[in-house]
Amino acid sequence: MANYIVPNDLRYTKTHEWAKDLGGNKFRVGITDYAAKHIGDVTYVELPHIDDELDKDEPGCVIETVKSSEDVYNSIGGTVVLENGDILNENPEIINSDPYGEGWLYEIKAKSADDFKALMSRAEYEKLLEELGD
Amino acid sequence: MSYTSNGFTDIKFHEEIIFERSRPGRCAYSLPAKDLTGVADLIPADLRRKELDLPELSEIDVVRHYTRLSTYNFSIDHTFYPLGSCTMKYNPKINEKMARLSAFTDLHPETPLDRAQGTLKMMFDLQHMLAEVSGFAEVSLNPAAGAHGEYTGLGVVRKYHQKRGDLKRKKVIIPDSAHGTNPASCAVNGFEAVVLESGPDGKICLDCLKGMLNDEVAAIMLTNPNTLGVFETDICAITKACHDAGALVYGDGANLNAIMGVARPGDMGIDVMHFNLHKTFSTPHGGGGPGSGPVGVAKHLVEFLPNPVVRKVGDRYEFALLKDSMGRVRSFYGNVGIALRAYVYLLELGKEHIAEVAEHAVLNANYIKAKLKDVYNVKYSNDTLHETVFDDSKLPNHVTTMDVAKGLIDRGYHPPTVYFPLIVHGALMVEPTETESKETMDGFIDALKDIAEKAASDPQSILNAPTKTYIKRPDETLAARKPVLKYGAEK
Amino acid sequence: MMRYLPNTPAEVKEMLTAIGVGSVRDLFKCVPQNVLLKEPPALPKALSEMEIERHMAELGEKNTGAAMLSFLGGGCYRHYAPSLIDQMLIRSEFYTAYTPYQPEASQGTLRAIFEFQTMIANLFGMDVSNASMYDGATAAAEAVMMALRNDRKKRTRIVVASTLHPHYIQTLKTYLEGFAGEVVLMEFDQTTGRVADKELAKIDKNTVAVLFQYPNWFGVIEDIHAIAKAAKAVEAWLIPAVIETTALGILTAPGELGADIAVGEGQPLGIPLNYGGPGVGLFTTRNDHVRKMPGRLVGKTADREGKECFVLTLSAREQHIKREKATSNICSNQGLMALAASMYLATMGKEGLRTVALLNLKRRDCLVKALAKTKAKLAFTGPSYNEISLKLPMKADAVIEKMAAEGILAGVPASRYYPALDNILITATTELHSCADAERFATTLAKVIGG
Chain Y
34 MANYIVPNDL RYTKTHEWAK DLGGNKFRVG ITDYAAKHIG DVTYVELPHI DDELDKDEPG
94 CVIETVKSSE DVYNSIGGTV VLENGDILNE NPEIINSDPY GEGWLYEIKA KSADDFKALM
154 SRAEYEKLLE ELGD
Chain R
2 MSYTSNGFTD IKFHEEIIFE RSRPGRCAYS LPAKDLTGVA DLIPADLRRK ELDLPELSEI
62 DVVRHYTRLS TYNFSIDHTF YPLGSCTMKY NPKINEKMAR LSAFTDLHPE TPLDRAQGTL
122 KMMFDLQHML AEVSGFAEVS LNPAAGAHGE YTGLGVVRKY HQKRGDLKRK KVIIPDSAHG
182 TNPASCAVNG FEAVVLESGP DGKICLDCLK GMLNDEVAAI MLTNPNTLGV FETDICAITK
242 ACHDAGALVY GDGANLNAIM GVARPGDMGI DVMHFNLHKT FSTPHGGGGP GSGPVGVAKH
302 LVEFLPNPVV RKVGDRYEFA LLKDSMGRVR SFYGNVGIAL RAYVYLLELG KEHIAEVAEH
362 AVLNANYIKA KLKDVYNVKY SNDTLHETVF DDSKLPNHVT TMDVAKGLID RGYHPPTVYF
422 PLIVHGALMV EPTETESKET MDGFIDALKD IAEKAASDPQ SILNAPTKTY IKRPDETLAA
482 RKPVLKYGAE K
Chain E
302 MMRYLPNTPA EVKEMLTAIG VGSVRDLFKC VPQNVLLKEP PALPKALSEM EIERHMAELG
362 EKNTGAAMLS FLGGGCYRHY APSLIDQMLI RSEFYTAYTP YQPEASQGTL RAIFEFQTMI
422 ANLFGMDVSN ASMYDGATAA AEAVMMALRN DRKKRTRIVV ASTLHPHYIQ TLKTYLEGFA
482 GEVVLMEFDQ TTGRVADKEL AKIDKNTVAV LFQYPNWFGV IEDIHAIAKA AKAVEAWLIP
542 AVIETTALGI LTAPGELGAD IAVGEGQPLG IPLNYGGPGV GLFTTRNDHV RKMPGRLVGK
602 TADREGKECF VLTLSAREQH IKREKATSNI CSNQGLMALA ASMYLATMGK EGLRTVALLN
662 LKRRDCLVKA LAKTKAKLAF TGPSYNEISL KLPMKADAVI EKMAAEGILA GVPASRYYPA
722 LDNILITATT ELHSCADAER FATTLAKVIG G
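Protein chains in written order, with this note's numbering: chain Y, 34 to 167; chain R, 2 to 492; chain E, 302 to 752.
In isolation and in its complexed conformation, chain Y is listed as follows (with noise of 0.2 angstroms):
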């Protein structure tokens, strides 16, 4: 466990995404360090598009390996505001290297604040990885 960056400043989910609070009810998501390297290389990411509503829990984007497709499921429901097509339409192996940093999805206009508030701390997440015994 001790082997995956868990940063302190983020709030994550159960199923490896994680969301930065950026201020004025805007949120960045993306996937967490654990989940950068069991998915495998990335290859493609089907990211939404800018005004795009998403709704909790719903698959907000699609990561694509050679032999995968995972969902990423929206933790925070609300409007797109900015997707990183930039820089992973090019070069989406970013996310393995680099999740938190350049590696981000994209951002989101919460509905309201309060599923943010919901996920998990860091000590909440770093149990769950412990749980998870890898």
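Because the hints were derived from the structure by calculation, they are not lab data. The structure displayed is predicted, hence computed values, not measured ones. Heads up, none of these hints are tricks.
On the chain Y side, residues computed to face chain R include the following (Cβ under 8 angstroms):
no.: 1; residue: D74
no.: 2; residue: T76
no.: 3; residue: Y77
no.: 4; residue: V99
no.: 5; residue: P125
Below, simulated EDC-like cross-link-like pairs (lysine to aspartate or glutamate); rule was C-alpha separation at most 20 angstroms, straight line:
no.: 6; chain 1: R; residue 1: K483; chain 2: Y; residue 2: D119
no.: 7; chain 1: R; residue 1: K473; chain 2: E; residue 2: E609
no.: 8; chain 1: R; residue 1: K370; chain 2: E; residue 2: D327
no.: 9; chain 1: R; residue 1: K13; chain 2: E; residue 2: E609
no.: 10; chain 1: R; residue 1: K370; chain 2: E; residue 2: E312
no.: 11; chain 1: R; residue 1: K469; chain 2: E; residue 2: E606
no.: 12; chain 1: R; residue 1: K469; chain 2: R; residue 2: D451
no.: 13; chain 1: R; residue 1: K469; chain 2: E; residue 2: E609
no.: 14; chain 1: R; residue 1: K94; chain 2: E; residue 2: E350
no.: 15; chain 1: E; residue 1: K593; chain 2: Y; residue 2: D104
no.: 16; chain 1: R; residue 1: K169; chain 2: E; residue 2: E478
no.: 17; chain 1: E; residue 1: K346; chain 2: R; residue 2: E353
no.: 18; chain 1: R; residue 1: K469; chain 2: E; residue 2: D604
no.: 19; chain 1: E; residue 1: K503; chain 2: E; residue 2: D452
no.: 20; chain 1: R; residue 1: K473; chain 2: E; residue 2: D604
Where a beta carbon is used, it is the ideal one built from N, C-alpha and C, also for glycine.
Assemble the complex: chain Y is given as a structure, and chains R and E must be docked to it using the hints.
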């Protein structure tokens, strides 16, 4: 043990992409010399194309190109090709010869029926023979492939429930050992696929199934024997439970070779099933097609078959349209040229030999299992018929199924199906078919034993495989990240 | 001994000993007794090779239509197929191989598909082609489903030219049973044989896709620019279908029209009639839609030594990975037929295909001129390629029967699908016809319907 390979040595000529062979002004065709000046004006100028980029070659360029490409392939006619669930049996030459008779190849699908009675009789008789072999009331030859047959069969299921006004039935139960196509075929038909986990013996757990059956279930889709090669011993109880709950039973006919001539899916209570003529009935796989996926149905589903159906009226064969048909699924009447090959195959087998196919297929698979089960782990080993699923769990030094596959290529064998079914980690699914001799299988067994030995004594030699092929371990990630799908399309 | 079963009784015995059972039937103990057959299925008596040859020859004799002078088209066309195609197709390295899942053992198939994708994309003027679909009808249905699945505005109206081959329309309707989508037909103009101008108004803001065929089922080349313009105006997916693909030797390519997806049938490209199958479905699109496409794709990559090579790619779209969320349930292609079409295009090249197209035009022109001496009139004024609709002074069915008695298959009756058009005959000529054949057609027709 000293190991000698299956006579496989390096052969290759380098061959470039066909566009690179092109030289302006070359010509490989022969058309009547005609003055064509001004002919283009018969088409208004705004409907004429601007440019067309195709290669320019002489005839020998084309012939050498494709001959050389063919040398880069493994095929059944080269070597043992034991892909599990694919039934890579020998493709008889008489099939090919008969399929090329001009009386069949030159027949147009809009020919007046009285002048197409030969092909129509062939289709009708083949339908009848397939029905007889499988225990169904009628068979349609329309579907072009196995997945297309699944699509069509599920369309029959949809129509059946619709006609009864039973519109709530939107779910199809699929065991986790099923082919990936099954859930996709459900989705295309507007059904929701629900997964049924296999029991510890690799079979359907009857009580679990009963727990899932309700008035929203349209059908269960099962393969018997399943993709582990394991026969569902409870099959009659399974079909009865489904029928009692108002659901139909769809049989995936991919594994029919295991029981053909010995037992019939229709007698087990299966309502609808597709056949794979390119598996069980010896028509060639063609490097990925064309296949043919006829659908057989029990009596209560005949009225929902796809249109048109071939019927015999008096002495005449003709097409009929069914009022409650699930619809038309393609142009014309199916891959008739493929159906003809299956027809010829069944003529040669006849009543005398039909059961020997399954008997020898099952014997061969069990022989390979017996010879290798101490070297490669078999997770589900009871009641297997025509195929056996080994895995890589006994192999040392991080040698995986993928490495075993590449090692087999170096030893002159096509690898088995790998990493499927998903419920066996690192699966190696071997289906020898009935057309392989004992000494061919002994060679394959020795090759797999040699690989297992080398995995322990010289793992690098397996991790480096293949070494004898024209190319070695292509970068699939690069291909998917930066797709180049057309010559000259690189950025 | 049966020739496809190599193991002798002695070998069978050795194998049974190795397994540890007494008889082959012991291996089937898992099959319930009540379903084990007491005797084999009632197939006919097994035939030897020579008996089969004789049987098939006799069966073939009943196909009297196969050797007649034929003007049948209507979605399946007889063309010149260079001899090298079948000579190469019979190489069992191609036809007895499976899907190229092991790239090291199937570079031949993979390279051939990559070249097929290239030649078909070029023929259609599109960015990318897949490795092929079952046939043109299923390719068209899959194209519409792709548009429905991926339309950002979630529109559901599918506007289809009524001049599209009837089997294609029927197949599309079957596929839409499992989908939310509604087909609206654009009726054709009885004078031109093209989609009527006013019908273009059916392409409205709820329209997700516009599907049409050129040359259409009546042989008429649609006003493709007008249809494209109407579709573009509402940003609907423009989906042209080309079934008589040799026409693309001269006609505007779908890509030039701005097609989003273009589909077709490859049978005319060197593949025999075979009573309508197997042919090969063609499916092309633009680069932006590649990952939404159904069907197999081959891509170029490098091996571990940096050597150029080819693999099946973008599989994450497909059924074996994405299961119920896949872009389609298709998991094969028409491999060998795609190979035949590639060999045809490589053999013809750009000059050859254009020459074939011009010869088709010239033959059609011969026929039109020869028909001047008959009471048959061209049914429509719209431009045509190699197929024309004739208006006859009597029912087309009756004419077809009388022409057949004279040894000629005259064409497809439009009444097969449009009962009201019972005096229209759809007649195709290709480069295989001579002008003398056209003369014979006209002379016989004059005899049947009067000159």
